[in-house]
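Given the structure of chain A, go ahead and fit chain B onto it with the hints provided.
From first to last, the protein sequence lines are chains A and B.
Under full-length UniProt numbering, think of the first position of the first sequence as 1, with each following residue one higher.
Under full-length UniProt numbering, think of the first position of the second sequence as 1, with each following residue one higher.
Please keep in mind that the hints were generated in silico from the structure rather than gathered at the bench.
From a predicted model like this one, the values you see are computed outputs, not experimental measurements.
Cβ atoms here follow ideal geometry from the backbone N, Cα and C, with glycine treated the same way.
Computed, partial: chain A to chain B, Cβ under 8 Å:
hint : residue
1    : His61
2    : Ser62
3    : Leu63
4    : Thr86
5    : Ile317
Protein chains: 2
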Amino acid sequence: MAEESGVVAADLPVKRPREEEADGAAATMEVDGAGKEPNCISAVIPGWFSEISPMWPGEAHSLKVEKILFQGKSDFQDVMVFQSSTYGKVLVLDGVIQITERDECAYQEMITHLPLCSIPSPKKVLVIGGGDGGVLREVARHTSVEQIDICEIDAMVVDVSKQFFPEIAVGFQDPRVNLKIGDGVAFLKAVPEGTYDAIIVDSSDPIGPAQELFEKPFFGSVAKALRPGGVVCTQAESIWLHMHIIEDIVANCRQVFKGSVNYAWTTVPTYPSGVIGFMLCSTEGPAVDFKHPINPIDSDENLSKSKRPLRFYNREIHSAAFCLPSFAKKVIDSKTK
Amino acid sequence: MAEESGVVAADLPVKRPREEEADGAAATMEVDGAGKEPNCISAVIPGWFSEISPMWPGEAHSLKVEKILFQGKSDFQDVMVFQSSTYGKVLVLDGVIQITERDECAYQEMITHLPLCSIPSPKKVLVIGGGDGGVLREVARHTSVEQIDICEIDAMVVDVSKQFFPEIAVGFQDPRVNLKIGDGVAFLKAVPEGTYDAIIVDSSDPIGPAQELFEKPFFGSVAKALRPGGVVCTQAESIWLHMHIIEDIVANCRQVFKGSVNYAWTTVPTYPSGVIGFMLCSTEGPAVDFKHPINPIDSDENLSKSKRPLRFYNREIHSAAFCLPSFAKKVIDSKTK
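Bound-form chain A, shown alone (with noise of 0.2 Å):
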């Protein structure tokens, strides 16, 4: 059998999406069914969705289909959303599980409050891909923020998150967010130098549109975004499955990061062996103690203002993400020192 990313049964009803369904994305949207898509194979289970991908070879996670809401194939990928029995509507990119409506709180809320709850006050804070707007909807609940810009390669994307997970793109209401379509490491080379209170890399994997955001010439256009002392948070993949890629975006961060290299993780049911991993470092300037927050969002009156509380972060949480299983600890501690 062929091991392709993301497969689904041929046997699924597939809805034909109506033109006004997704602003912007009915150009280009492949309609023929799930069963004539290039990745697509019929030995699954019927009426699942498989996520098999050569990143994590010889395991699937799958989640019972009720409808595939969205299908579409946009300039950089293949675009789908369905709505699933017991995890809400799923988006999926290249064949892979980016978001559950169930454990989304986890990831959104984890890659936004670790650094900014980190640093005081921050005030300019600049999103790399997060195109679903989950990032931007938790950035809006620190009120020192006065811009939140969001660079973004896939107007459908953002289209698809705004038509199905309007919970999620609720982030791209706030007046604060300038959005920009287009690729994330040109806008930050056009970046002023030191900029930013803090950045966030919200990216897929680095197979496909978002292989650029784990190299070091990237990591660089980021600290010279950065103000001294500024912090960037970036998807850094799982100590199970990826303890030879976190290696080599430690030693890239801790040549160009002049202040603090740090690795945290989190639990997300839907992502690959059930965890992810953050990259955050600070630039030179400002000590950045990470691992103990210093502007805790949890008690703030944020909270209560806030439409929806946080379902999963907290100050407790915040440090014990720092905390490495000892295989892990071992390799990342030999490349941040």
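Only chain B this time, still in chain A's reference frame:
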């Protein structure tokens, strides 16, 4: 499609076990091939094992199977061992993954050292369940321990572990270990009051032979068998999947254990939702602060003496394990106070 526990595609090459391959187990083995197992349906990824259960509806984790090494039916459950493509050998009971060689360290080390590192000089330890021997292997790292009793209901689990998982069943070789094959509930009732410093309940899910191990009368027997200030650690499901079960367990424990009552969790990729939790309780007597371990093992001389160093546990991850996501903390705190 019927949703029953644990399915392997029917076209797998099934090895016919010879009698000498599993002492004591051969008499009750079914060797007709996976395709004829009562729980088996063919509509899954061919050549893969899929873990489908009403305990986690709508999702399934699948592992690619290289070879089925053992299939048997004991008096209590279906027992299967297969060689997976990327997780080493895998032990399956009633269709549910219990152990993979790749990630067993997380479960075995945490369920053992969370309780034993929380009290000074544990001497007498009881393990209920744990027939694979992994918890025994971890208990045996503690040089203060003089007596390790274990009561496992299913001899086939012990035999199969000794045959296929020598790095786990090595725990049985420790001279301090006394193995009793029998019902843990009955065993505990006969234990003289105040016998043990620590009891570890390494059970399967509360469907099948382990059901009673999640009920209040059992916790009462545990409390009685512990010395004042003694501790128990029980497998306690996933915060992502089973908050209603956890709520009940916590409420039961709060009534039964007059010392402290805590919930901790860790990552285990091949368990549903990628996490597993533990209830950690102490009886009336010397206070036990589980969150701040007083009996460290990771810097101990035991470590260097051991044939296999700790892979997962360390004192930082011990404390971190008690930090809960907000959605779980809210529910659990309401039951422990």
